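The opening position of the sequence shown corresponds to residue 0 in numbering that gives the first Met the number 0, with each subsequent residue numbered one higher.
It should be emphasised that the hints constitute simulated quantities derived from the structure, not laboratory data. Owing to the predicted nature of the structure, the values given are computational and were not obtained by experimental measurement. Ideal Cβ positions, reconstructed from N, Cα and C, are used throughout, including at glycine. Incorrect hints may appear among the rest.
Claimed, not checked - In silico SDA-like pairs for lysine to any residue, Cα to Cα no more than 25 Å straight-line:
#1 Lys57 with Arg148
#2 Lys209 with Tyr228
#3 Lys48 with Ile20
#4 Lys172 with Pro220
#5 Lys57 with Pro75
#6 Lys209 with Ile225
#7 Lys57 with Ser3
#8 Lys105 with Pro220
#9 Lys209 with Arg236
#10 Lys105 with Val136
#11 Lys105 with Arg31
#12 Lys57 with Arg74
#13 Lys57 with Glu47
#14 Lys209 with Trp151
#15 Lys214 with Val202
#16 Lys214 with Glu104
#17 Lys48 with Asp11
#18 Lys214 with Glu76
#19 Lys172 with Arg148
#20 Lys214 with Phe231
#21 Lys48 with Asp157
#22 Lys57 with Leu43
Stated by the list, open to error - Label pairs and their computed distance ranges (CB to CB):
#23 Gly108 with Val136: 32 to 38 Å
#24 Gln46 with Ser106: 31 to 37 Å
#25 Gly138 with Ala13: 49 to 55 Å
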Amino acid sequence: MENSPRIALIDDDALFRESLILNLTAVGYAVRGWEDGEAFLAALGRQEKPDLLLLDGKMPGLNGIEVLARLRALRPELPVIFLTVLGEQVFEEAALLGGAVDFVEKSRGFTILERRIRIILGRVPVTGVAGADDRIVIGDLILDSESCRAFWRNQPVDLTVTEFAMVLALAGKAGRDVGFRPLYDAGRGKGFHAGAGHDGYRVNVRAAIKRIRGKFRALDPDFDRIVAYPGFGYSWRVDHG
Numbered sequence: 000m001e002n003s004p005r006i007a008l009i010d011d012d013a014l015f016r017e018s019l020i021l022n023l024t025a026v027g028y029a030v031r032g033w034e035d036g037e038a039f040l041a042a043l044g045r046q047e048k049p050d051l052l053l054l055d056g057k058m059p060g061l062n063g064i065e066v067l068a069r070l071r072a073l074r075p076e077l078p079v080i081f082l083t084v085l086g087e088q089v090f091e092e093a094a095l096l097g098g099a100v101d102f103v104e105k106s107r108g109f110t111i112l113e114r115r116i117r118i119i120l121g122r123v124p125v126t127g128v129a130g131a132d133d134r135i136v137i138g139d140l141i142l143d144s145e146s147c148r149a150f151w152r153n154q155p156v157d158l159t160v161t162e163f164a165m166v167l168a169l170a171g172k173a174g175r176d177v178g179f180r181p182l183y184d185a186g187r188g189k190g191f192h193a194g195a196g197h198d199g200y201r202v203n204v205r206a207a208i209k210r211i212r213g214k215f216r217a218l219d220p221d222f223d224r225i226v227a228y229p230g231f232g233y234s235w236r237v238d239h240g
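Could you build the full structure based on these sequences and the hints that come with them?
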């Protein structure tokens with residue numbers, strides 16, 4: 000496994016850590032686990048050079064957000080997947096703002112997490128729209144589903160994998176309305192339930208769309224392509240004529 004992608008895992012739950020290490024090792028990754036962020040950060044400064052970090056949100060000592068903040072000074076380019084438990088939307092939001100590229104709920108199946116890892120490490124393309132080409136161009140928007148990169152007016156938009164999948168779902172049906180559930184499924188996987196109550200996922204979608212709009216508007220203050228359909232979802236607006 001000399002040339003295998005290197006993954007670091009920080010989680011204080013020894014059983015979860017051991018199980019995840021075994022599963023990731025079985026599918027070809029070189030994995031090293033840490034029970035706390037302090038030890039990992041100390042090793043990172045010396046010899047550890049992972050390709051990706053899986054980071055637990057709640058831990059004694061430094062929590063995941065604090066580890067993420069310190070990591071930015073040492074390895075700002077290191078992709079981080081934040082591991083959360085159901086209902087920790089505050090942690091998810093803080094993690095994305097802190098530089099995490101994605102977040103995955105810990106109770107989900109291993110195949111979901113492993114696919115996210117492969118996407119982020121460039122080992123498999125995102126296919127948020129069935130039958131989509133690798134490259135979608137709609138006006139000033141360019142989406143490259145193989146690299147999971149978005150461009151607006153030739154400038155890269157710093158989207159997470161989840162955010163990219165949502166934009167891809169909207170752009171794939173440009174000019175048509177896309178419901179909250181399909182948008183959530185595009186980003187988090189079909190059938191996954193999160194948030195408070197039966198329709199709690201709507202809160203997650205609204206928060207994600209707010210982040211996405213903010214990232215486009217950081218490049219273009221007049222960005223107005225993502226339009227809300229009250230009570231239903233959103234659409235990617237296209238000009239006609």
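Hint check:
Annotation: proposed proximity of Lys57 to Arg148 is violated, straight-line Cα distance about 30 Å (limit 25 Å). Among the hinted pairs, Lys209 with Tyr228 is consistent with the structure: their alpha-carbon atoms are about 14 Å apart, no more than 25 Å. For a cut-off of 25 Å, the pair hint linking Lys48 to Ile20 stands: about 17 Å separates their Cα positions. Annotation: proposed proximity of Lys172 to Pro220 holds, straight-line Cα distance about 24 Å (limit 25 Å).
A distance of roughly 21 Å separates the Cα atoms of Lys57 and Pro75; the hinted pair therefore holds under the 25 Å criterion. Distance hint between Lys209 and Ile225 is fulfilled; the C-alpha atoms sit about 10 Å from each other, no more than 25 Å. Simply put, Lys57 and Ser3 have alpha-carbon atoms about 28 Å apart, too far for the 25 Å limit, and the pair is violated. Proposed proximity of Lys105 and Pro220 is contradicted: the alpha carbons are some 36 Å apart, above 25 Å.
Only pairs whose Cα atoms come within 25 Å are accepted, and Lys209 paired with Arg236 is accepted, the gap being roughly 16 Å. At roughly 35 Å between alpha-carbon atoms, Lys105 and Val136 are farther apart than 25 Å, so this suggested pair is violated. This hinted pair checks out: Lys105 and Arg31 have alpha carbons roughly 18 Å apart, not beyond 25 Å. About 21 Å separates the Cα atoms of Lys57 and Arg74, which keeps this hinted pair within 25 Å; it holds.
Our distance criterion of 25 Å between C-alpha atoms is met by Lys57 and Glu47, whose separation comes to about 23 Å. With a CA separation close to 17 Å, the supplied pair Lys209 and Trp151 stays within the 25 Å bound. The hinted pair formed by Lys214 and Val202 meets the criterion: a straight-line CA distance of about 19 Å does not exceed 25 Å. Proximity of Lys214 to Glu104 is assessed by CA-CA distance (about 24 Å); at most 25 Å being required, the pair is judged to hold.
Only pairs whose Cα atoms come within 25 Å are accepted, and Lys48 paired with Asp11 is accepted, the gap being roughly 21 Å. Of the pairs offered as hints, the one joining Lys214 and Glu76 holds, with about 18 Å between alpha carbons and a cut-off of 25 Å not exceeded. Between Lys172 and Arg148 the CA atoms are separated by roughly 18 Å; this keeps the pair inside 25 Å, and the hint holds. The straight-line distance between the Cα atoms of Lys214 and Phe231 is roughly 23 Å, inside the 25 Å bound, and the hint therefore holds.
With a C-alpha separation of about 23 Å, the suggested pair Lys48 and Asp157 falls inside the 25 Å cut-off, and the hint holds. Between Lys57 and Leu43 the CA atoms are separated by roughly 20 Å; this keeps the pair inside 25 Å, and the hint holds. Taken as a hint, the range 32 to 38 Å holds for the pair Gly108 and Val136, whose Cβ atoms sit roughly 34 Å apart. For the pair Gln46 and Ser106, the beta carbons lie near 33 Å from each other, so the given range of 31 to 37 Å is met.
Under the hint 49 to 55 Å, the C-beta atoms of Gly138 and Ala13, about 51 Å apart, fit the expected range.
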